[in-house]
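Protein chains in written order, with the working numbering: chain A, 1 to 505; chain B, 1 to 374.
Just so you know, these hints were derived from the structure itself, not from any lab. Just so you know, even glycine gets a beta-carbon here, dropped at the ideal spot from N, CA and C. Each hint should be verified, as a subset may be incorrect.
Part of the chain B face toward chain A, derived, beta carbon under 7 Å [what the hints assert, rightly or not]:
id, residue
1, G181
2, A247
3, N251
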Amino acid sequence: MSVPRLQMTGVRKSFGATHALRSVSFEVGPGEVHALIGENGAGKSTLMKVLSGAYQPDAGSILLEGAPFVPRSPLHARDCGIAMIYQELNLAPHLSVEENILLGAEPQRWGWLNRSRRRELAGAALAELRHDGIPLDAPVNTRTIAEQQVVEIARALVGRPKVIIMDEPTSSLTQVDTENLFDVVRRLRDRGVCIIYISHFLEECQRICNRYTVLRDGESVGSGEMADARIDHIIRLMVGREIKDIYPRSPHKMGPPVFELQNVAGQPKPRRVSLALREGEILGIAGLVGAGRTETVRACFGLDRIEGGVVVVGGATSTRARPGHRWAQGVGLLSENRKEEGLMLNQSLADNTTLTNFAPVSRFGFINNRRQRQLTQEWMGKLDVRARSPVQPVGELSGGNQQKIAVGRLLHHDTKVFLLDEPTRGIDVGSKAQIYQLIDELAVRGKAVLFISSYLPELLGVCDSIGVMCRGVLSEVRPVAEWTEQSIISAAIGQCDPVTEKPSS
Amino acid sequence: MRPRHGEAIFMSNTVSKRQWDLARLFYVLGPFLMLLFVVALFSTLLGIQDVRTQMDSTNAHGWSGFWHTVRVNPFWGEIYQGLRAFASGGNAKIVLTQTVIVAISALGMTIIIVSGGIDLSVGATVALTSVVGATLLLRNHSPVFVCVATILAGGIVGLANGSVIAGLRMMPFIVTLGMMGIARGAAKWLAGNQTVNPTENPVNNIMKLSAPDDLLPLPQGVWVAFGLAIIMAIIMRQTVFGRYVFAIGSNEATARLCGIRVQVQKLFIYWLAGLFFGLSGLMQLSRLTQGDPTVANGLELDIIAAVVIGGASLSGGTGSILGSMIGALIMAVLRNGSNIMGWPNYMQEIIIGVVIILAVGLDRLRQSRSAAAN
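Please work from the sequences and hints to get the whole structure.
Encoded structure:
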């Protein structure tokens, strides 16, 4: 057997106490399309960042065509022939197609651009992909998403790459464009380029890839020929962990529905979401990143526009409402993005906690600072927040403690309907367990909780019922006992009908 | 919830706590120290100037002559004399009076900057409102009516800024840059491209200096600025509105998530700030005793500098009224000191430029220190 194009052995990477990659080994040969499969958080993106030079591995070896390869920076990795195509397109939207293709690799002499040579190079790259119909002079933001992706691939080709990494390339493509992309991938494969193909959609991987490697919790747990593999085997490899005993389960007494969605739709997601959340119920929403779960709660909360459908809160229809209204109705949202939306990092714990509800700490609009501090101190005690003082900026706390403050805001507000979007993202196991416990207590006290998570064990461990979201559509919500990790994953990765999407430009 | 795991990582030690307190103290005192430094600097310079004059009278030359003169005539005494001259009641009154216009505008600018915005149209607004006031005086309106109308004129400009910024979600920088031209042009148009000279009237007394050698009585304008500063400090620190301003500047997405009507608040913020700029225009009118459409050119930069020296960050979410007031004082002391030293105008400009960069540089250092202390 010839020397593999790329070989990784025992690659490890940790961030502080978190082991993003424990031990990853796999190899890719020339002219091979290799599927890299794993759940959200399994370590795929970390691995790709190591390969593309954004992170330095702590241990392990990488061989590129048999020679040791340690990418120092993304630029260095690109010079060595590793090209990366990200899920989010990385184009300069106002520049032309040609300028985007040659960005960073402009043929030049003493800073002067060589115009005819540029056209030639960019045209050749597009022709290679059989997409020479795309006009070179058009600003790239006037083209469709699919064409933009082709431009991105063409840009990668200009550098004569040895390895191309594609991260979820079809997540924003229509069915037809996906087929075109597959053509491009096959053409590249036949030219001897090796491609690492990351995708959640196993059917796609099966169609386009020769071999696969499954990642789970930062380890490569299995690999093989795609032709011999069975989907359920791969799913078992992806999941394969036992549920630990950190999920409290008390009996919840269900009341009447307090928060109902009927065929709610937004632009572009969600497309169709219906559910009824009852008092004392914990309703989980599973799904892949990008399935439209966050968009659903944001739309319901008045942060994004609702294009269709009805929202019923506490028995009364109120589809369009500002966030302020929702808070007044007793609905509270915990943002999935703690740093950018959830918290004011440079403001105090006290202000972050009481921002939605100053009433208990103020009179006639004047805040009683001492009362505010005391109250915050009480919440800090109840939630076990480790911090020096309530007037400390919240950005100084650890992730778990920050999250507890963000949850504390909902508790302080005396929320009745909790919309929790990824409440345990990026926090340590201890804090996670405390959050589960809290959610359980809330349900016991008759609160309604909508729990969005990408981490299946916690959904199965905590929720009373679960719905799965796939490409903007929520499946039927069923009791947790009727779900298994396998059935959730297969619902999340496309047991639903693939609907053609309009490309947005 | 009960604590499940008793690790001692978070409450690591008392050392970092003490460091943090020091950093915090330094943070609060920073602008004060800067003010003291500037006053001391000018006192010393004045002292040295005195020594120089003595050197001339005794025909001493160069460094040796300098040290000789200092030995004969103790230097500290000269500095003290310098301080006496510089910080004398009369001069202090001049400095305070000169501060009024920048200080009152800085009150408005502080709210805007803390909320994450900026206003470049202040100078033009001050000129416009002073012309409005002068024109109304010329038409024999009552002084009280003129005062109210001048302030409200500033409010209208602020409302215009705010409604475009909030309504069309445009960048404050661009909107107020445009307003800078519009207000300046409107001022010149209204004044017929010349100064408007009302007859002697009570408005002139607001900023009049009487008893030039003593600190008291201070002009009314100083007391107005002082009173408003206290009110604004309370509003920013103690009211729900103040918290909202900080919230919007710190993280607009969070503010929106938490039900604050961000655009409505912004409209209100620019309107309120406009009222302060209108009041500044009134002070300007009173000081010059005429409405001049070309006055206060570039005033906004002095004001922004004052606010930033006072510890505000242009990215929003930080800043204080006290700091901005001290920043305004520092700017006035710099100008006044340079005048007393007889430095030419260009030197003043260079020095003020250097001080702004120094002040903000120190602020960055302070912040990185307090971040590192954690």
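Hints, verified against the model:
Given hint, G181(B) at the interface with chain A, is violated; its Cβ is 27 Å from that chain's nearest Cβ, farther than 7 Å. With a cut of 7 Å, the hint placing A247(B) at the interface with chain A holds, because the nearest CB-to-CB distance is about 6 Å. A least Cβ separation of about 4 Å between N251(B) and chain A falls short of the 7 Å threshold, and the interface hint therefore holds.
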